[in-house]
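A.B. asks: Protein chains in written order, with my numbering: chain L, 1 to 276; chain W, 1001 to 1372; chain Y, 2001 to 2542.
Do not take every clue at face value.
Derived DEER-like restraints, expressed as beta-carbon distance ranges [as the list claims (entries may be wrong)]:
| # | chain 1 | residue 1 | chain 2 | residue 2 | range |
| --- | --- | --- | --- | --- | --- |
| 1 | W | A1339 | L | S151 | 34 to 40 Å |
| 2 | Y | L2416 | W | P1019 | 47 to 53 Å |
| 3 | L | D46 | Y | A2429 | 46 to 52 Å |
| 4 | W | H1051 | Y | F2362 | 47 to 53 Å |
| 5 | Y | L2416 | W | D1192 | 52 to 58 Å |
Listed below are the simulated BS3-like cross-link pairs for lysine-lysine, each with C-alpha atoms no more than 30 Å apart in a straight line [stated by the list, open to error]:
| # | chain 1 | residue 1 | chain 2 | residue 2 |
| --- | --- | --- | --- | --- |
| 6 | Y | K2141 | Y | K2231 |
| 7 | Y | K2231 | W | K1169 |
| 8 | W | K1129 | Y | K2231 |
| 9 | L | K84 | W | K1129 |
| 10 | W | K1169 | L | K119 |
| 11 | L | K84 | Y | K2141 |
Computed footprint of chain Y on chain W, listed as stretches where at least three residues anywhere in the stretch have a Cβ under 8 Å from a Cβ of chain Y [claimed, not checked]:
| # | region |
| --- | --- |
| 12 | 1163-1172 |
| 13 | 1252-1258 |
| 14 | 1295-1309 |
Just so you know, these hints were derived from the structure itself, not from any lab. We treat Cβ as the ideally placed atom computed from N, Cα and C, and that holds for glycine.
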Amino acid sequence: MSETMHSAVDTGVANAAQIGMRLAGPAVDTTHGPILYLEGITVSFDGFRALDDLSLTIEDGELRCIIGPNGAGKTTMMDVITGKTRPDAGTAFFGQTIDLSTLTEAEIAHAGIGRKFQKPTVFEQHSVFENLELAMKTDKRVRGTLSARFSSTDLDRIAETLALIQLGNSADRAAGLLSHGQKQWLEIGMLLMQEPRLLLLDEPVAGMTDDETMRTAELCQTLAGRHSVIVVEHDMDFIAKIARKVTVLHEGSVLAEGPMDVVQADPRVIEVYLGR
Amino acid sequence: MNATIPLRLRTALNAPVHPVLTRRGWIAFIVAAYVLFVLVPSAHLLLPANHPMHLSEYFVTLTGKIMCYAIVALAMDLIWGYAGILSLGHGLFFALGGYAMGMYLMRSIGGEGVYHSDLPDFMVFLDWKTYPWYWSFTDHFAYAAALVVLVPGVLAFVFGYFAFRSRIKGVYFSIITQALTYAFMLLFFRNDTGFGGNNGFTDFKRILGFPITAPSTRVALFAATGVAMLGALVLCRWIVQSKVGRVLTAIRDAESRVMFIGYNPLYYKLAVWTLSAVLCGIAGALYVPQVGIINPGEMSPANSIEIAIWVAVGGRGSLVGAILGAFLVNGAKSWFTQAFPEFWLFFLGLIFIVVTLFLPRGVVGLFSRKRS
Amino acid sequence: MLMRALSMRRAVAAVILALTTLLPCLAARAMSPELIHELAFGENDAKIKALGALVAADDPKALPLLQALVDGEVQTAGNRQVLLVKGDNATDAVTGAVVAPLPESRDDVVINNRVRREIAGAIAALKLAAPDRAVRLAGVKALQGGADEDMLPAVKHALAKESDAEIRGLLELTRATIQLGSSDRATRIAAIRALAVSNDVSTKTLLLVVLGKKGDAWAEPDGDIRAEAEKSLRSVEGRLSTGEMVGRVFSGLSLGSVLLLAALGLAITYGLMGVINMAHGELIMVGAYATYFVQNLFRSYAPAAFDWYLVAALPAAFAASALIGMVMERTVIRFLYGRPLETLLATWGISLILIQAVRTLFGAQNVQVENPVWMSGGITVFANSVLPYSRIVIIGFAAAVLTMVWLLLTRTRLGLFVRGVTQNRQMAAALGVPTSRVDTFAFGLGSGIAGLAGCALSQLGNVGPDLGQSYIVDSFMVVVLGGVGQLAGTVYAGLGLGIANKFLEAWSGVVLAKIAVLVFIIVFIQKRPQGLFALKGRMAEG
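With the rest of the complex left out, here is chain L (with noise of 0.2 Å):
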């Protein structure tokens, strides 16, 4: 036990020494492997399960992909894993160490869990440079953030990120007057400001471009392994694309696991699902 403790304190330390002046949030204990595990999971509203007894686990650097009809319950259980719900019973833990039911939005943010919403919200009165600049990470605290300078290095990493998501040309356009697509891309370009373990994507391709959607899926491809990353989507040929690990929910629980093309000859996913 102490053993773990001490590594996780040790590379806790390596990490913050290795970004510099940024603090690092708690570190995330992945020795075992899963840098998710979600046991047992139940949410009811009002009566209705909108998860139950949902279990997940997530490999460290994996690219999960999660479908399921409508009312699955696949953005409440990122609503659980970022805390914006409570479960009413079950466990969710970040690494082996990191109990996400007592921290706040915050403080899982912090911890290295990064959201993509539905509908892709950026500050929309700010510019594209600003919203990097916000969602970097560092030091958010009240005090830290009223004395926040700009070192090289953020510099850096926001023109890496704007490259990235190419919106180079358009680091000083308010948000609100991208299109969709570039929105989405924005959001992701703020999720990876976070440089986050753990990334949850919900319909990233919505609203895309056949072109973007196609980028979009190599970006995907590309952040996997240096994160873990989890994508929730109803684009099945953005999924066929990306796809090396499917989860199927159905009705608050794992209906079907495995490779896409298992998944897909399952008779009971065809039947609550892909065929009709």
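Take the given structure of chain L and dock chains W and Y to it, following the hints.
C.D. replies: Frame of chain L; chains W and Y shown alone:
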């Protein structure tokens, strides 16, 4: 990933600058300071009353009073214009600051009240023999000044902590602050509360030993208010130009996004809310010696809503607009209530409607649109 | 038995009683010169007899003379003249004329203790019988401290005739006090038992004295009597507290129904439509003024039907407020949907204009709205709780309005449309619901209900331009506490707040109760930001 990034983009970024005031801003600031601290005092004190440039006592008092309101408007703009929280309780913080100062002023009357007692007249009237405990030490100016800051600050902090922690926002928050203000007004209307009931505090004689109605004292208070107003402006400007300002507007526009990128909005809101309340308290403390009276009417819900309209008229989220709005509305008020008292409420009501319907960015927005 | 014991002891007092009840015709002979003569020159027995006649005559004009006798200010001159002498001034007791100069030889009218007691009793009895309520009240109050058994017949006589509730209460208290002080054990027990059926607060005090201690000793040494007193006290207290409870619950219900009426309109405009209308209080005020206006019309043109002016005032109040509400919605609020803070400010502006308009039209002073005759008075449930008809009517009225609103929302097409539009505007529009007309009508409905609330409020208190201001905070509290979009929540919150307020008032006073309720709501909202009956989960996030 680095390899995919074109080099020119990396170098194209310069650290953005967020100056507290631009050069033109500083020039305007210095001009304002010169007017407030040199021109007005000398025009009031040095020029003879029949001189065409002489500024009357009425003018100095009115301007001083409006400058106090302008500080409140700044505080309101900080919390409403930037953080998106419409407070209907700023009149309460203003009045609490005023009452704290009023306690000191009451004790400075000494035995010169109607009953020639050590106690204020209203306590004699209630047949009280000693000061209640919460009046202790209020005869010391420094202590009273601390109360001016602490009472509104602590109240706002405690109230804000619980309200923001429970994620009370928008209209709910507005209504709850209104209820709070209303509760305090009822409390202060009671004689037993020990703050003079519905008459409040009045008939002050001196402040820091100086006679309170003497022209030089008046000018000193005027100048102090000017310092406070310009100071508050620079302070607020510094905050909104910092990254905190950008976090605040982000909270205003998409609070959940702010949470999910790792900021806890609670502390940002709480900090700016408390600061806003403290500014109101200071404004109230400057207001009372100039106007010469404080009573629970200052806590009426109507007063607090009026503060919002000053800011809306001037232009939300622009600080200078808040000051401008306070001067415009209150200037109009003092003119109307003399010339056409029965029409003032019609006019004020119309301002509320017209500004919200047609001038969402206020007078300042009107100018900046013309320019661009 | 009681009567016999007394008449044996104070036969003369019984004579007074007999005279007062049997000989009302003596009134014609009041203050006759003969009686005055008897009083001044007669022997003690004759004096007492004359006193009896005076009391029997029930003539309060005898009071000054009797008082003068007690004070030793009555003198005789010669064989016939009776003088009232004050210092150097004298008046003739028979004619009332000033006698000057004073006759040389005068004799004081000397009275012994027995006569003196009789006179004191006669004075009190006369006062109790006086036609002037104030004199009677003063008389009975004078008896509170030091009444002894002498006064019992007079008290009983007065009780038989007295109709004023306050004086009656005091008289009963006096009688019981006298009998409690009786040296006869049976009398005391009987008095105590008699008191058990009383439901007056003062009775409780009286019994507590019996049960109290004087120093270390019991005020009442007899244990049996104390037990009796204990029993009576319990029964009195039981009934008193029931009465108090009934009164408090009733006034709580009454306040609650007023709050409910004021908040019902808001439950539609704010709760369902999400429009924060700060002019809601002023719409209530408009309803009250509409009632005032209709009342004046009836008074001028149809005074015969005045008692039924409310029948016309209700639709007028509804229409006036609904019309103003619909105009507001069409001209201002419609452009601010989805911007609640702006709506708050704009409607506040409207409220200022409405207040000033009413001031300009009707004046800044409060106006008087009269209750129809059938609404004045009330039911006396216990001595300490009266339920006014006006409040009963308004409780019923609130229930009726609530039922109507509920039916309107759940059983009619407009209600269906309103619910549809508030849940999903686009979908409703796509299905052909005229959403903007629905908005206007729904807002008009909410405003009209505010008008009805105003009509009801005009029956309870003052009507003035500021009427609405005092209700706006309360109404919003009710809606916020009840939960947005929930009629049931509004009902529970309104009644609950009303009753809680009244109970707190009894315990801590009006202002502190109000503050306590506000603080409670503020704390409550911390715990349950969605109110009592919130929708939970995904829907609520909307």
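A.B. asks: Indicate, hint by hint, whether the structure satisfies it.
C.D. replies: Cross-check of the supplied hints:
no.: 1; hint: W/A1339 with L/S151: 34 to 40 Å; result: violated (59 Å)
no.: 2; hint: Y/L2416 with W/P1019: 47 to 53 Å; result: violated (58 Å)
no.: 3; hint: L/D46 with Y/A2429: 46 to 52 Å; result: violated (28 Å)
no.: 4; hint: W/H1051 with Y/F2362: 47 to 53 Å; result: holds (48 Å)
no.: 5; hint: Y/L2416 with W/D1192: 52 to 58 Å; result: holds (53 Å)
no.: 6; hint: Y/K2141 with Y/K2231; result: holds (28 Å)
no.: 7; hint: Y/K2231 with W/K1169; result: violated (58 Å)
no.: 8; hint: W/K1129 with Y/K2231; result: violated (45 Å)
no.: 9; hint: L/K84 with W/K1129; result: violated (57 Å)
no.: 10; hint: W/K1169 with L/K119; result: holds (21 Å)
no.: 11; hint: L/K84 with Y/K2141; result: violated (71 Å)
no.: 12; hint: 1163-1172; result: holds (count 8)
no.: 13; hint: 1252-1258; result: violated (count 0)
no.: 14; hint: 1295-1309; result: holds (count 5)
Against the hints set out earlier in the document, violations occur for numbers 1, 2, 3, 7, 8, 9, 11 and 13.
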